[in-house]
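Chains A and B are the protein sequences, given in the same order. Position one of the first sequence corresponds to residue 1 (the UniProt record's numbering), numbered consecutively onward. Position one of the second sequence corresponds to residue 1 (the UniProt record's numbering), numbered consecutively onward.
Hints are computed from structural coordinates only; laboratory data are not their basis. The reader is advised that the hints may include incorrect statements.
As the list claims (entries may be wrong) - Restricting the straight-line Cα-Cα distance to at most 20 Å, the calculated cross-link-like pairs of lysine to any residue (SDA-like) are:
#1 Lys175(B) <-> Ala152(A)
#2 Lys175(B) <-> Ser118(A)
#3 Lys175(B) <-> Ala162(A)
#4 Lys175(A) <-> Ala152(B)
#5 Lys175(B) <-> Asp151(A)
#6 Lys175(A) <-> Ser118(B)
#7 Lys175(A) <-> Gly119(B)
#8 Lys96(B) <-> Ala168(A)
#9 Lys175(B) <-> Val121(A)
#10 Lys175(B) <-> Val129(A)
#11 Lys175(A) <-> Glu123(B)
#12 Lys175(B) <-> Glu122(A)
#13 Lys175(B) <-> Glu126(A)
#14 Lys175(A) <-> Ala162(B)
#15 Lys175(A) <-> Val125(B)
#16 Lys175(A) <-> Glu122(B)
#17 Lys175(B) <-> Glu123(A)
#18 Lys175(A) <-> Asp151(B)
#19 Lys96(A) <-> Ala162(B)
Said to hold, decoys possible - Anything over 12 Å on all C-beta distances counts as not near chain A; from chain B, calculated:
#20 Ser75
#21 Glu83
#22 Gly130
As the list claims (entries may be wrong) - To list a few chain B residues with every Cβ distance to chain A over 10 Å, as calculated:
#23 Arg22
#24 Tyr23
#25 Arg49
#26 Thr77
#27 Pro82
#28 Lys96
#29 Pro104
#30 Glu105
#31 Glu126
#32 Trp173
These figures come from a predicted structure and were not determined experimentally. Glycine residues also receive a C-beta, built at the ideal position from the N, C-alpha and C atoms.
Number of protein chains: 2
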Amino acid sequence: MAATETLTAERILEATEEVLRRYGPAKATVVDVARVLGVSHGSVYRHFRTKAALREAVTHRWLSRTETALAELTSATGRPAPERLHAWFAGLFEAKRHKAGDDPELFATYGVLIDESSGVVEEHVEVLVGQVRAIVEDGVRSGEFTAPEPDATARALFSATAHFHDPAYAEEWRKNTVEAEFDALVGLLLRGLRA
Amino acid sequence: MAATETLTAERILEATEEVLRRYGPAKATVVDVARVLGVSHGSVYRHFRTKAALREAVTHRWLSRTETALAELTSATGRPAPERLHAWFAGLFEAKRHKAGDDPELFATYGVLIDESSGVVEEHVEVLVGQVRAIVEDGVRSGEFTAPEPDATARALFSATAHFHDPAYAEEWRKNTVEAEFDALVGLLLRGLRA
Numbered sequence: 001m002a003a004t005e006t007l008t009a010e011r012i013l014e015a016t017e018e019v020l021r022r023y024g025p026a027k028a029t030v031v032d033v034a035r036v037l038g039v040s041h042g043s044v045y046r047h048f049r050t051k052a053a054l055r056e057a058v059t060h061r062w063l064s065r066t067e068t069a070l071a072e073l074t075s076a077t078g079r080p081a082p083e084r085l086h087a088w089f090a091g092l093f094e095a096k097r098h099k100a101g102d103d104p105e106l107f108a109t110y111g112v113l114i115d116e117s118s119g120v121v122e123e124h125v126e127v128l129v130g131q132v133r134a135i136v137e138d139g140v141r142s143g144e145f146t147a148p149e150p151d152a153t154a155r156a157l158f159s160a161t162a163h164f165h166d167p168a169y170a171e172e173w174r175k176n177t178v179e180a181e182f183d184a185l186v187g188l189l190l191r192g193l194r195a
Numbered sequence: 001m002a003a004t005e006t007l008t009a010e011r012i013l014e015a016t017e018e019v020l021r022r023y024g025p026a027k028a029t030v031v032d033v034a035r036v037l038g039v040s041h042g043s044v045y046r047h048f049r050t051k052a053a054l055r056e057a058v059t060h061r062w063l064s065r066t067e068t069a070l071a072e073l074t075s076a077t078g079r080p081a082p083e084r085l086h087a088w089f090a091g092l093f094e095a096k097r098h099k100a101g102d103d104p105e106l107f108a109t110y111g112v113l114i115d116e117s118s119g120v121v122e123e124h125v126e127v128l129v130g131q132v133r134a135i136v137e138d139g140v141r142s143g144e145f146t147a148p149e150p151d152a153t154a155r156a157l158f159s160a161t162a163h164f165h166d167p168a169y170a171e172e173w174r175k176n177t178v179e180a181e182f183d184a185l186v187g188l189l190l191r192g193l194r195a
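Throw the hints in and build the complete structure from the sequences for me.
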């Protein structure tokens with residue numbers, strides 16, 4: 001890649017993902033990232049002050065792609081809240097399943113990075129729970145849901161669906177009964193929310 | 001321990017747990033178990049034909065203690081089904097939390113053994129799901145619950161409560177908000193089951 005292009009944080013993060021994919025999380029270094037970009041490692045450090053900061057930033061970027069995709073479902077206030085909530089959890093499951101299934105090596109790599117940087121994951125979970133809460137609150141306002149404490153309810157919903165988004169269960173996502181199990185669970189949760 | 005006592009499978013399993021606790025899962029051997037019992041390792045092999053079989057049996061024994069304790073709640077048909085279901089999940093959570101908190105080393109040891117013998121865990125989950133299903137079916141019969149497919153519902157309930165029994169979440173069980181989260185989730189699930 002030509003060094004004459006402006007070196008942006010985004011370009012560094014792209015290159016970092018590429019390097020992680022190529023060498024794995026144990027071997028990837030900032031020097032590798034600089035080499036891919038055709039710049040000195042000092043130039044990379046001007047954007048990310050430590051290797052840990054760079055790894056956190058690339059993990060954050062990976063997780064936030066899902067947040068952005070789901071934000072659309074959150075704000076589609078024209079649709080009934082139960083339908084949106086179902087679509088939101090289906091979208092989350094689909095996104096995680098794609099990440100795990102389409103590129104298992106990169107998924108495993110991010111698994112390692114996630115274990116290193118729990119703060120990034122907690123932030124990700126807070127963003128997702130916030131989106132669920134927004135849908136629950138809309139449903140309460142429209143009289144479709146009963147939820148005296150929308151925040152606690154959003155957390156309960158997120159916890160209840162862990163089998164369909166927590167990477168710890170990624171092995172189960174290939175079972176041919178998994179869709180039916182997802183629908184049974186979300187159906188039960190939506191009945192519990194009904195006004 | 002005197003070799004003159006009859007060498008039962010139960011005595012061997014007790015000694016195996018003791019040896020596992022003392023040496024850890026990586027180092028514990030059948031010879032260690034025989035030594036604790038004051039018998040030859042051949043005598044142990046007459047009860048358990050391989051080291052793997054012995055480890056599976058001790059894991060099964062550990063898991064089945066929880067099953068036995070919960071079976072009482074399952075069969076207490078005099079109590080309302082929603083109350084029994086709440087008590088059953090609270091009992092499961094309490095049992096797992098005790099195992100994790102009272103003796104973390106033994107809990108970690110069984111974690112290793114469980115990874116070795118997935119068949120034993122699947123059987124354990126089937127027994128537990130069967131108990132949940134029995135309570136759901138009672139609730140349907142008494143008109144307290146609506147569940148067209150009690151088996152799918154029981155599996156959904158078990159999956160939904162993973163945060164409160166799957167050892168993968170053991171770290172979270174010490175949080176001081178965990179009881180409130182458990183109640184919020186089970187409350188939501190019970191509302192979903194309401195006839």
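- Query: Between Lys175(A) and Glu123(B), is the straight-line Cα distance small enough, at 20 Å or below?
  - Reply: Holds: Lys175(A) and Glu123(B) sit about 18 Å apart, inside 20 Å.
- Non-interface claim for Arg22(B) versus chain A (Cβ beyond 10 Å): With a cut-off of 10 Å, Arg22(B) remains clear of chain A, as the shortest Cβ separation is near 30 Å.
- Message: Given the hinted pair Lys175(B) and Ser118(A), is their Cα-Cα distance within 20 Å?
- Response: holds, 16 Å
- Message: Hint check: Lys175(B) vs Ala152(A), CA-CA at most 20 Å. Holds or violated?
- Response: Holds - the C-alpha atoms of Ala152(A) and Lys175(B) are around 15 Å apart, at most 20 Å.
- Message: Against the 20 Å threshold, does the CA-CA distance of Lys175(B) and Asp151(A) hold or violate the hint?
- Response: holds, 17 Å
- Query: Pro82(B): least C-beta distance to chain A exceeds 10 Å?
  - Reply: holds, 12 Å
- Are the Cα positions of Lys175(B) and Ala162(A) separated by 20 Å at most? Roughly 18 Å separates the two Cα atoms, so the pair holds.
- Item | Non-interface label on Arg49(B), tested against every C-beta of chain A at 10 Å | Given a closest Cβ separation of 30 Å, the condition holds.
- Restraint status (C-alpha distance of Lys96(B) to Ala168(A) at most 20 Å): holds, 18 Å
- Item | No chain A beta carbon within 10 Å of Thr77(B)'s | Given that every Cβ of chain A is farther than 10 Å from that of Thr77(B), nearest at about 23 Å, it holds.
- Take a quick look at whether Lys175(B) and Glu122(A) sit within 20 Å of each other, Cα to Cα. The hint holds at about 15 Å.
- Task: May I ask you to check that Lys96(B) keeps its beta-carbon over 10 Å from the closest beta-carbon of chain A?
- Result: holds, 15 Å
Hint compliance for this structure: every hint is met.
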